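Q: The residues making up each chain are set out below.
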Amino acid sequence: MDEHRLISANKVILKSFDPPFSSFDYIDQTYQSENPAIRRLFSLGRSNSAHTLMIENIDPSGIILDENEEIKSYIADYEMKGLQRISFWTSKFKTPKASICHDKDCIGYAILKHDKVISRNYDKWHVFEAVFKKYPHEHNCVPNPMRYKVNLGGAKICVDGLLYAQQNELNKTCAQVALRSVISRITQSDASYRQINDLAQQRATGRFNPANGLNSQQIRAVLEGFRIGFRDFDYTQHNKRERTSHPYQKFVYSGVESGAGALVGFRFAGPAIRGSYRHIIPFYGHTFNKDTWSPEADMAYFRVGERLGYIPSENWTSSFLGHDDNFGPNLCVPRLYIHPKQVEYVVELLKPGIAFGGAQAEALSLQFLYSVLNQIDTSGNIWLHRLACDADPNIQRIVLRAIAIDRNKYIKHLSNEKDWKQHSEARQIINILGRLLPQALWIVEISVPQLFPANERKLGEIILNGEIEIRSGQSKLSHFLLARLPGRYLFLDYRRGRMDFLQVPSNLTSHLQVIRLQ
Amino acid sequence: MGHTFTSPAIAKEMARIYGDSTKVVKIEMRHEQEVKNYVMKIEKAHKKAAGSKLNFK
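Quick mapping for you: the protein sequence lines, in order, are chains A and B.
Under my numbering, think of the first position of the first sequence as 842, with each following residue one higher.
Under my numbering, think of the first position of the second sequence as 2, with each following residue one higher.
Okay, chain A solo, but in the shape it has when bound (with noise of 0.2 Å):
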């Protein structure tokens, strides 16, 4: 799948990136369309503090002659009449050597392609893909990037980031390049949109047109088709209060949060809107702001005496990382910026094995954690002390943040981490668990105020069992695997014929790094 990455060019020229080379000139002259996501490229490039911009010609092959054929299907006058990888080097160099080119000093990297259509008067440049670092402030989180090894200037180089890819109006629409974004780094491939079109064909009613969209059943069945798991909310099918009650970015946080990902769809709005036009872009990361004023002030003056509340992780993100294939990779939309009433559609995608979503594990842990705290006796040990006064009804400042993670990734975070007392957990717990455990697993991480922000570490967390569907008639603590609290852990025990708690000494006995993915 990654073979037009790999292919070698025909020519490569090398240029200075420097002043007084001009980004804006250089797209003017050469692909003579004002197109915004190859501006953004560019702009990538600069912001980046590019020296050099190595341009190489190749040949179509793997996907992108596929696409060619594909297209050639429905447009018999279609013709290729260009393609270019473009990338951009922090060193300055003259020559491309592979000995010269080092990962380290590549910011990222771009596969433009040139369409024409006589018949439809149709003449334009694409980014058929591109891959850009993230800015490496520790605040922009973008957890598993994924890693895309590809042949420039003669050298295997690897950019770590998510795939960005634009539409062309030929074969390929928001939804199908959103699509290859979120199923090139789950499956950890690619996809061609060849794929996709044939797995959203099986939905359409007529005969079906790629350039026309997807709708949000064939949308269903391609991501069914990659076999990745998600959870989807059509807001068009439901009272209006439920925009407030599960609130879209509640599902694009998780997704993004446990590294797989999510899609907003919204509709357009403003006086020129005639009829109803769709746009659809994918998230994949998010910023994390520790000073953020709202998640205490939220629940202090605007949710007083609710019933079940806390703060979600969420609260602390200033902006989601996405791309929008009309103006390009890599951008941050505020969290609170596209409005509830304009959104329309989100896909929550889950990470392989898990069966149920984000806000739910959120939500069974809260029931649990908010049944215990103001139950047990927590005179022994001050931070679990302090944990059940902010799980006080009155109060209800227990923060929580839900990752999909697999069983030896928890282990490892388990064994490496220790308390702020320098305590380990002991080996044949963690032996246990390591040995018992399912694969997939929600870990809701449990903190306070001015501990998660601050240095963003956490008092325990309650696992689920990610494998397991949720259905109605199920037992209340189905997914309940354990609840690792300060100094001690809780298990379901049923020896004696009903349903109390084993209570396990834990060596961990204050607050520890909440785990990271990135």
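Worth flagging that the hints you see were computed from the coordinates, not collected in a lab.
Bear in mind that the values here come from a model prediction, so they are computed numbers and not experimental data.
Treat the hints with care, since some could be wrong.
[To be verified] Computed footprint of chain B on chain A, listed as stretches where at least three residues anywhere in the stretch have a Cβ under 8 Å from a Cβ of chain B:
1. 1074 to 1086
2. 1273 to 1287
3. 1322 to 1331
[What the hints assert, rightly or not] Quick list of in silico lysine to aspartate or glutamate cross-link-like pairs, EDC-like style, CA-CA up to 16 Å:
4. A:975 - A:946
5. B:24 - A:1341
6. B:45 - A:1266
7. B:13 - A:1341
8. B:58 - A:1165
9. A:852 - A:900
10. B:48 - A:1065
11. A:997 - A:843
12. B:42 - A:1310
13. A:990 - A:844
14. A:1317 - B:29
15. A:1131 - A:1297
16. A:974 - A:946
17. B:42 - A:1083
18. B:49 - A:1083
19. B:24 - A:1218
20. B:27 - A:1341
21. A:933 - A:946
22. B:58 - A:1001
23. A:965 - A:869
24. B:37 - A:843
25. B:48 - A:1310
26. A:1182 - A:1083
27. B:27 - A:1218
28. A:1317 - B:14
29. A:975 - A:1001
30. A:1317 - A:1341
31. B:45 - A:1083
32. A:965 - A:844
33. A:965 - A:920
34. A:957 - A:1010
35. A:957 - A:910
36. A:1317 - B:33
37. A:997 - A:920
38. A:1131 - A:979
Ideal Cβ placement from N, Cα and C applies to all residues, glycine included.
We have chain A; now place chain B onto it with these hints.
A: Same frame as chain A, but now just chain B:
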């Protein structure tokens, strides 16, 4: 209880190894209906979305 209850198996093993330092505690689950309604709403919405026909272009 089938495979859905892994926790008791872990509890049994922990009790075997940690014996006297373990303790059985009884906790009454609260907020059951509220949580059930919330998580099932998402499941039902997901199933209902199978009939969604919003087009994205």
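Q: Work down the list of hints and note, for each, if the structure agrees.
A: Comparing the hints with the structure gives:
{"no.": "1", "hint": "1074 to 1086", "verdict": "holds (count 7)"}
{"no.": "2", "hint": "1273 to 1287", "verdict": "holds (count 5)"}
{"no.": "3", "hint": "1322 to 1331", "verdict": "holds (count 4)"}
{"no.": "4", "hint": "A:975 - A:946", "verdict": "holds, 13 Å"}
{"no.": "5", "hint": "B:24 - A:1341", "verdict": "holds, 10 Å"}
{"no.": "6", "hint": "B:45 - A:1266", "verdict": "violated, 40 Å"}
{"no.": "7", "hint": "B:13 - A:1341", "verdict": "holds, 12 Å"}
{"no.": "8", "hint": "B:58 - A:1165", "verdict": "holds, 12 Å"}
{"no.": "9", "hint": "A:852 - A:900", "verdict": "holds, 10 Å"}
{"no.": "10", "hint": "B:48 - A:1065", "verdict": "holds, 14 Å"}
{"no.": "11", "hint": "A:997 - A:843", "verdict": "holds, 12 Å"}
{"no.": "12", "hint": "B:42 - A:1310", "verdict": "holds, 14 Å"}
{"no.": "13", "hint": "A:990 - A:844", "verdict": "holds, 10 Å"}
{"no.": "14", "hint": "A:1317 - B:29", "verdict": "holds, 11 Å"}
{"no.": "15", "hint": "A:1131 - A:1297", "verdict": "holds, 9 Å"}
{"no.": "16", "hint": "A:974 - A:946", "verdict": "holds, 11 Å"}
{"no.": "17", "hint": "B:42 - A:1083", "verdict": "holds, 10 Å"}
{"no.": "18", "hint": "B:49 - A:1083", "verdict": "holds, 14 Å"}
{"no.": "19", "hint": "B:24 - A:1218", "verdict": "holds, 12 Å"}
{"no.": "20", "hint": "B:27 - A:1341", "verdict": "holds, 5 Å"}
{"no.": "21", "hint": "A:933 - A:946", "verdict": "holds, 9 Å"}
{"no.": "22", "hint": "B:58 - A:1001", "verdict": "violated, 28 Å"}
{"no.": "23", "hint": "A:965 - A:869", "verdict": "holds, 13 Å"}
{"no.": "24", "hint": "B:37 - A:843", "verdict": "violated, 45 Å"}
{"no.": "25", "hint": "B:48 - A:1310", "verdict": "holds, 13 Å"}
{"no.": "26", "hint": "A:1182 - A:1083", "verdict": "holds, 11 Å"}
{"no.": "27", "hint": "B:27 - A:1218", "verdict": "holds, 11 Å"}
{"no.": "28", "hint": "A:1317 - B:14", "verdict": "violated, 23 Å"}
{"no.": "29", "hint": "A:975 - A:1001", "verdict": "holds, 8 Å"}
{"no.": "30", "hint": "A:1317 - A:1341", "verdict": "holds, 13 Å"}
{"no.": "31", "hint": "B:45 - A:1083", "verdict": "holds, 13 Å"}
{"no.": "32", "hint": "A:965 - A:844", "verdict": "violated, 24 Å"}
{"no.": "33", "hint": "A:965 - A:920", "verdict": "holds, 11 Å"}
{"no.": "34", "hint": "A:957 - A:1010", "verdict": "holds, 12 Å"}
{"no.": "35", "hint": "A:957 - A:910", "verdict": "holds, 14 Å"}
{"no.": "36", "hint": "A:1317 - B:33", "verdict": "holds, 7 Å"}
{"no.": "37", "hint": "A:997 - A:920", "verdict": "violated, 29 Å"}
{"no.": "38", "hint": "A:1131 - A:979", "verdict": "holds, 12 Å"}
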